[in-house]
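Those letters in the sequence shown? Residues 1 to 537, per full-length UniProt numbering, in order.
Misleading hints may appear alongside valid ones.
Dumping the calculated DSSO-like pairs for lysine-lysine here, alpha-carbon to alpha-carbon at most 30 angstroms [said to hold, decoys possible]:
(1) Lys-205 <-> Lys-267
(2) Lys-125 <-> Lys-205
(3) Lys-158 <-> Lys-267
(4) Lys-267 <-> Lys-125
Hints listed in this document are in silico derivations from the structure and should not be mistaken for laboratory results.
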Amino acid sequence: MLSAAEAGVLDLVQESVVLRTADGRILWWNAAAEALYGARPARAAGRYAAELFAEETPEEDAAALAILRAEGAWAGERTRRGAGGERRCVALAWRLRRAAWGGEAILETGRDVTDARRDEAALRKSEHRYRNLFQAMAASFWELDFFPVGARLHALRKAGEIASYPAYFEARPEFVREMMRATRVIDVNEQTVTLFGRPDAPDPKAELLTTVEPFWPEASSGVFAASVVAAVSGRPSYAAETRLRAIDGREFPALFTACFPPDTMNKGTLLVGVIDLSARVAAETALAGMRAEMARAARVSMLGELTASIAHEVKQPLAAIAANAAAGIRWLDRPAPEVAEARLLTGRIADDARRAAEIIDRIRGMVTGAAPSAGPCSANAALRDAAALLEPEIRRDGARVALRLDPSDPAVAADRVQLQQVVANLALNELQAMAGRPAPRLDLAVRREGDAVAIEVADTGPGIAPDHLPRLFESFFTTRAEGMGMGLAIVRGIVETFGGSVRAANRPEGGACFTVALPAAEGPVAAAAHDAVNTIV
Numbered sequence: 001m002l003s004a005a006e007a008g009v010l011d012l013v014q015e016s017v018v019l020r021t022a023d024g025r026i027l028w029w030n031a032a033a034e035a036l037y038g039a040r041p042a043r044a045a046g047r048y049a050a051e052l053f054a055e056e057t058p059e060e061d062a063a064a065l066a067i068l069r070a071e072g073a074w075a076g077e078r079t080r081r082g083a084g085g086e087r088r089c090v091a092l093a094w095r096l097r098r099a100a101w102g103g104e105a106i107l108e109t110g111r112d113v114t115d116a117r118r119d120e121a122a123l124r125k126s127e128h129r130y131r132n133l134f135q136a137m138a139a140s141f142w143e144l145d146f147f148p149v150g151a152r153l154h155a156l157r158k159a160g161e162i163a164s165y166p167a168y169f170e171a172r173p174e175f176v177r178e179m180m181r182a183t184r185v186i187d188v189n190e191q192t193v194t195l196f197g198r199p200d201a202p203d204p205k206a207e208l209l210t211t212v213e214p215f216w217p218e219a220s221s222g223v224f225a226a227s228v229v230a231a232v233s234g235r236p237s238y239a240a241e242t243r244l245r246a247i248d249g250r251e252f253p254a255l256f257t258a259c260f261p262p263d264t265m266n267k268g269t270l271l272v273g274v275i276d277l278s279a280r281v282a283a284e285t286a287l288a289g290m291r292a293e294m295a296r297a298a299r300v301s302m303l304g305e306l307t308a309s310i311a312h313e314v315k316q317p318l319a320a321i322a323a324n325a326a327a328g329i330r331w332l333d334r335p336a337p338e339v340a341e342a343r344l345l346t347g348r349i350a351d352d353a354r355r356a357a358e359i360i361d362r363i364r365g366m367v368t369g370a371a372p373s374a375g376p377c378s379a380n381a382a383l384r385d386a387a388a389l390l391e392p393e394i395r396r397d398g399a400r401v402a403l404r405l406d407p408s409d410p411a412v413a414a415d416r417v418q419l420q421q422v423v424a425n426l427a428l429n430e431l432q433a434m435a436g437r438p439a440p441r442l443d444l445a446v447r448r449e450g451d452a453v454a455i456e457v458a459d460t461g462p463g464i465a466p467d468h469l470p471r472l473f474e475s476f477f478t479t480r481a482e483g484m485g486m487g488l489a490i491v492r493g494i495v496e497t498f499g500g501s502v503r504a505a506n507r508p509e510g511g512a513c514f515t516v517a518l519p520a521a522e523g524p525v526a527a528a529a530h531d532a533v534n535t536i537v
């Protein structure tokens, strides 16, 4: 047995201490054992461990005793019944002692590790789940060692060399590349091997376990620098579209994401993901091509409706050319030729010829879908030209046109021909909306709107149904049985190409109003300016 002094000291120990015989009979235990197993020392004395702890481990106990006798010590874990009757995992250590009666005694110390083992099991399960997700995800995932970069940045900041991370990185592009070379790849998933590596290589993953620098083109260094700024600034994550490079040198558009949870950042590791955007970019390019083709087809279709107007517009300069040429010949055929008059008429012929050529070029551009120019052009002139282009339709419908032009003749950053197309398309829609109504009128106006120039095309028709307003500019949406639903979609596409916007609303006095807002432009306009006057045609 233990002396009173020994028992007093062992009662102060936080671990359970049990003195037992070799066959498992309890001789004494301390206060910590009482708290763990729920029995006072006096009640535990004389009882057997198998009964008290509800253990069923005779074979394990025999093996433990053999080791104890051979080596003088044994350590292991047992599952025992705790003070509340629940099962507890206890880490044990046995030491062999000679008892006062000359027999063997075992001094056992124990520590309750139930919670620790539960936490370890949960951690293993979580790590297993994480590893499965890491490998099974369709996205590319990288586990990176960022510690050297973080340590260096911390040292530079502490030394006062870095006042602003973005400014420091921008001024030192080679330092950004150094940070890439200092960031090492710890692990990658199979999708990373497929996207960045050579799956047929003998060890395809191994050749990716290097620094991240080879996978970042020079042009993408800014995105890497921005992700580092996000990491050291305490942001939880960062995402941006960029271009990355596979191990064979192939570059592709990608969505780069990085997460910076504090627990992993403290260890210097972080997880980044990459999604290949090549398919999306190809789809967007194809969609843009389809839209361009549809717009061209719609322009060609609209040309059929505008044939009479185009013929009228081309006929005017051709008729003027013929008339001026005939008059010039008459002036030259006089007994005393009037050379000055003939020269004046010849200049007029040249002007009319240029006008005719411009009309033909405009028609060709509409048909072929030639790239528009965003040079300054007169908003006033665009309204006048559109009104002239639609004159046959206006006269056929018995409509009037009210022009309210801006006296300053503002210029907009747009293509003159396409701007005419926008106004003509809106005006045609409104003429059709007013069909059959008495005294139809188109109101065409130009006005300043902050830093933009607004062009308004309004009518005195029935207005727009409220449930149609949100969908007016959608492709293939139409309220007319014979309509294609492309006119207003084309208008929006052209206007947005030049950084503008278009909106529709109902007028308080009745009718609809379309407003095109385009950025104002400086410099000479692409068409001769007209005196701005308010007229009704």
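Verification of the supplied hints:
1. Of the supplied pair hints, the one linking Lys-205 and Lys-267 holds, its CA atoms being roughly 23 angstroms apart against a limit of 30 angstroms.
2. Between Lys-125 and Lys-205 the CA atoms are separated by roughly 25 angstroms; this keeps the pair inside 30 angstroms, and the hint holds.
3. For the hint pairing Lys-158 with Lys-267, the CA-to-CA distance comes to about 20 angstroms; that is within 30 angstroms, so the pair holds.
4. Using a Cα cut-off of 30 angstroms, the hinted pair Lys-267 and Lys-125 holds, with the two alpha carbons roughly 21 angstroms apart.
Hint check: no violations occur; every hint is consistent with the structure.
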